[in-house]
Amino acid sequence: FIGLLSLNVDITISAIIAGAGIFILRLLAIYFDISLPRFRFKS
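Position 23 of the sequence shown, counted from 1, bears residue number 23 in the UniProt record's numbering, the numbering being contiguous throughout.
Source of the hints: derived by calculation from the structure; they are not laboratory data. Bear in mind that the values here come from a model prediction, so they are computed numbers and not experimental data. Ideal Cβ positions, reconstructed from N, Cα and C, are used throughout, including at glycine. Hints may be right or wrong, so weigh each one.
Here are the simulated distance ranges between beta carbons [claimed, not checked]:
1. Asp-33 <-> Leu-4: 37 to 45 angstroms
2. Asp-33 <-> Gly-3: 27 to 35 angstroms
3. Leu-28 <-> Leu-7: 26 to 34 angstroms
4. Asp-33 <-> Leu-5: 25 to 33 angstroms
5. Gly-3 <-> Tyr-31: 29 to 37 angstroms
6. Phe-32 <-> Ile-2: 43 to 51 angstroms
7. Ile-2 <-> Asp-33: 30 to 38 angstroms
8. Asp-33 <-> Thr-12: 27 to 35 angstroms
9. Asn-8 <-> Ile-30: 28 to 36 angstroms
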């Protein structure tokens with residue numbers, strides 16, 4: 001039971017980290033698109 005519980009905790013933490021990472025990347029993309037529009041038009 002303890003091994004199963006720790007496995008569930010590991011999966012949950014991994015999911016939280018992945019979700020937070022994607023969320024932060026999206027925020028950064030939105031922020032840079034708004035603050036640096038000229039770079040977007042150049043590429």
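Right, here's what the structure says about each hint:
1. Between Asp-33 and Leu-4 the C-beta distance comes to about 43 angstroms, which sits within the given range of 37 to 45 angstroms.
2. Distance hint check for Asp-33 and Gly-3: the Cβ-Cβ separation is about 45 angstroms, which falls outside the suggested range of 27 to 35 angstroms.
3. The hinted window of 26 to 34 angstroms between Leu-28 and Leu-7 holds, with their beta carbons roughly 32 angstroms apart.
4. Separation of Asp-33 from Leu-5 is about 42 angstroms and departs from the stated range, judged on CB atoms against 25 to 33 angstroms.
5. For the hinted restraint 29 to 37 angstroms between Gly-3 and Tyr-31, the CB-CB distance of approximately 42 angstroms leaves it violated.
6. Taking the beta carbon of each, Phe-32 and Ile-2 are about 45 angstroms apart, inside 43 to 51 angstroms as hinted.
7. A hinted range of 30 to 38 angstroms for the beta carbons of Ile-2 and Asp-33 is inconsistent with their spacing of about 47 angstroms.
8. Between Asp-33 and Thr-12 the CB atoms are about 32 angstroms apart, so this pair conforms to the stated range of 27 to 35 angstroms.
9. The given range of 28 to 36 angstroms is respected by Asn-8 and Ile-30, whose C-beta atoms sit roughly 33 angstroms from each other.
This entry does not satisfy hints 2, 4, 5, 7, going by the numbered hints stated previously.
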